[in-house]
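K.L.:
Sequence:
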Amino acid sequence: MERTRLTLRAAQDDEALVEPLLGSWEANMTHAVNRSPVDVCRQRNDPYLILGNTGVVRVLRPAREGPTAAEGDICLVLPFGRRDPDGYAELIHAYDAPGTHGVLATRTLMPGDGLLPVDPDSRYPLSRWVHYSRYFTAWDNWSVAHACWRSQMPTADPSSHLVFAWGGGVALAEVDLARRNGFRTAMTASSDERLALIGALGITPVDRRNYPGLGSEGESSAAIRRSRLSERALLRLLHELSDGRGCSVIIDNIGGPLHPTTLRALGRQGVVSTCGWKAGMRLSVGRATECQRRHVHVHTHSWRYEDSPAIRSFSEATGWLAPSEAIDTYSFDDVPRLAQEYADAKVHSYFQQFRVNDV
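Mapping of the sequence shown onto the numbering used here: position 161 corresponds to residue 1066, and the numbering continues sequentially without gaps.
Bear in mind the hints are in silico, worked out from the structure with no lab data behind them.
Hints are supplied without guarantee of correctness; some may be wrong.
Calculated lysine to aspartate or glutamate pairs in the EDC-like style (CA-CA distance at most 16 Å, straight line) [to be verified]: (1) 1183 with 1195; (2) 1183 with 1249; (3) 1251 with 1263; (4) 1251 with 1098.
Take the sequences, apply the hints, and build the full model.
P.N.:
Below you can see the structure in the form of structure tokens.
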């Protein structure tokens, strides 16, 4: 990753000239910098890639044709590089969609139909809107997970059922949505600050530090014993929080080493729902057990393009946005430091954003 000066090509008729204001650092940006799990520049056959597919921009010149926002509008960038016929993302703007570039630039071009205006009279600062992509993704994943759970539990009272989440910004947004839908909720975290935030949102905080070695058995007998003892302790807690039912929905964007614990914690007719794969893309399950316990496995990615205005309106009406106390802001000059801290897992907040131009 390097900072340089580029000359913008001429805008196509369906492109708007925009001025990025704030951007959100996302996991796929780290994937791009690390060229893992794929080298996106090589995959795109592009000589360079301007990162940043989630952010807030000001429209300087609207697109000449097609849907677009007006000059001066403050907009959310919808990261749909290519959509399938039903409106779901196939390729992501400024990631694996060839020829697309993101908000880590003082000026850039955006598809006119990829700009969603923020209410100019919004009750919330733009800094809270910047991380909309994680909230929109959480909305979509929860919509599918909840519908799957309801398909088998049509008359159940959600207040008697537990939704549990492993940590992360999308999981925080999703478990908060479950709480707003009347479910019991719990979520893990490993710092006092994050645990306090989870509790302040009305979610039961679960201190991950109380379960050392969970999901990382290693090869020694001591490591295996430590992991299994931690798993048993966590399962006892979830048993208590769910009145013995087990979890009705588990939001697991970690995968890999925690997946066996996730399945053991899931109650009958339970749903394990994911839209991420931080610690492992390939998983194994015992299909007989999963069938007998009527478990549903949900996988989603991004959200449906046409749902964007409705999710934005819900966020404005309810304040379902990134909490201010969970946001760290970096200057444009500090983006390399942000990238390194994120890659080294040294960030402290759930949400990291960078400022490009003055609001």
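K.L.:
Kindly indicate which numbered hints from before are broken by the structure, ordering the numbers from low to high.
P.N.:
1, 3
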